[in-house]
Amino acid sequence: MTVVGMFLGSAKSRLLPASVPFRFFVAAAVLHVVLWVAVLFAAGDFTRFRGGVGPSLAAVHLLTLGVLTMTAIGAAVQLLPVATARPLVAVWPIKAVFWLLVPGAIALIVGMYATHVGLMIAGAVASTVGLLLFAGLFVDNLRRAGSMPVVRAYGWGAFVSLVLLVALGLALSLDAEIGFLADHAGVALAHMILGSFGFMGMLALGFSHVLIPMFALSNAPKARMAQGGFAVAAATVMLGVTGALLGETMLLTAACVLGVVAASLHLRLMRVALATGMRKRLGLSFLLVRISWVLLALTPLVGLAALQGWAGPDGPTLFGLVSLGGWLLTFLLGILQRIVPFLTSMHVTRSTGGPPLLSELGASAPLTVHAVCHVVAITGLVTAIVLDSAVTAALAALVGLAGALAFATFIASILKTLASAQTRA
Amino acid sequence: MTNGTGAHDGARLWRAQDGLHIDVRGLPCPEPLVTLLRLIDGGEAGEVLLAHLSQEPLLLYPELEERGWCCRLIAASGESSPRDGDVVLKIVRSPL
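First to last, the sequence lines map onto chains A and B.
Following numbering that gives the first Met the number 0, the numbering of the first sequence begins with 0 at its first residue and continues without gaps.
Following numbering that gives the first Met the number 0, the numbering of the second sequence begins with 0 at its first residue and continues without gaps.
Treat the hints as calculated values from the structure; they're not laboratory data.
A quick note: this is a predicted structure, and the numbers were derived from the prediction, not measured.
Backbone N, C-alpha and C fix where the C-beta goes; we use that ideal spot for every residue, glycine too.
There's no promise every hint is true.
Unchecked claim - Going by beta-carbon spacing under 10 Å, a handful of chain A positions derived as facing chain B:
#	residue
1	83
2	214
3	375
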């Protein structure tokens, strides 16, 4: 092997086969469509949802375990090795994660929808094994990485949260059968906090330290403020989870206040990255990202209002929607539509020899339709909760469904590009 | 043969007979990408830029293509022995 070949062999190993990250993105896009269908069917009780098995809980898990987790895993397995300069230990475990997680998530969600405890437990066990396998791969890569201490710290935070999240999730599923938890609602809230802010939140905040400067072409955020941001974010999650498990409103209130500080620090870092970046026109994806940041800033405030009863009886439902559907879903869909063409360009070679231009990849009209529908749908759901209107929730779900179909069309156009490139090869 | 050294955003910069060299190894992601593009966009890269990197810069390729630059991986140049994964990328304004 030549020296060049040796270099290529070593470096290329960080670029996974396209089918590996894309299977997660396709699953996320499909489950995104199913999510809005589920919201449509759950519109009757969605606006007053406080937990408990049924269509609304199924819709929530379609969002979290379906769309958010699939997107996060697809992005993490490809971007983490590039960011840490350490390849994943092997590719087959990622495929195993997919084949455990997809059927597991479907079984769990169908079990929740149909109130079938056996299906829920089977789905929870398969999802748990899949997520723990992913956690193992993830933490192995973090352990071997020598650079980017802040991103690694967020990664460790996400890992610990994921382990606790799946443990509590499994306990909640088993509790539906044997009823051993003293405070099911408290554990469910801790599970929600770990999922939204621990696992997904830490991943979103951590990867933002790489992705946002990468897209804006700016320097990495200042280390000291980034470290401070991580410390406050981690403390927020710890306080929130402890408060939920102990049923202590005081701790939950403190978590919300600390959450305001954590969000402010993060948004300040992101604002500096955008302001100092070489690329000013960041396109539609960043419109979604900016909207998600507004909702990130609102999340702890809505949480505080819900805790103190200032947001009315539907405050907790509003908090769940703003954090999961508003901040995280909007952010991940914005990032996904940005990284999918980027990853595709690495796998596709034009007839002229180089990678295709990013502007050549994927249809842009569906993304515009999706962005408009997504914003209208989330706004509609907020209105539905405030007005306690099932009709408004159903209309919002229909608009969301149109947006999800448009997003799936975009992913399909990317797959077509990938498939034709592989046929040529 | 080297003539002139300097630093650019924490990267080592020097000019040799074969073009402008920049060593961005050890910089955290996405600093290598940003540093190289800043040189190119700022016009300091000239016609040929040789970038010493700690891994193949997968994220850089679409950016170079957008700017009408070409690149190819070449063997590491003499002065330092490459670590596992280190690459040297030759980036030129016109097609190779």
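Each hint, compared with the structure:
A hinted interface residue such as residue 83(A) counts as satisfied when its beta carbon comes closer than 10 Å to some beta carbon of chain B; here the least separation is about 8 Å, so the hint holds. Interface restraint check for residue 214(A): the shortest CB-CB distance to chain B comes to about 9 Å, inside 10 Å, so the restraint holds. Checking residue 375(A) against chain B: minimum C-beta separation of about 32 Å lies over 10 Å; hint violated.
In terms of the numbered hints stated before, the structure departs from hint 3 and from no other.
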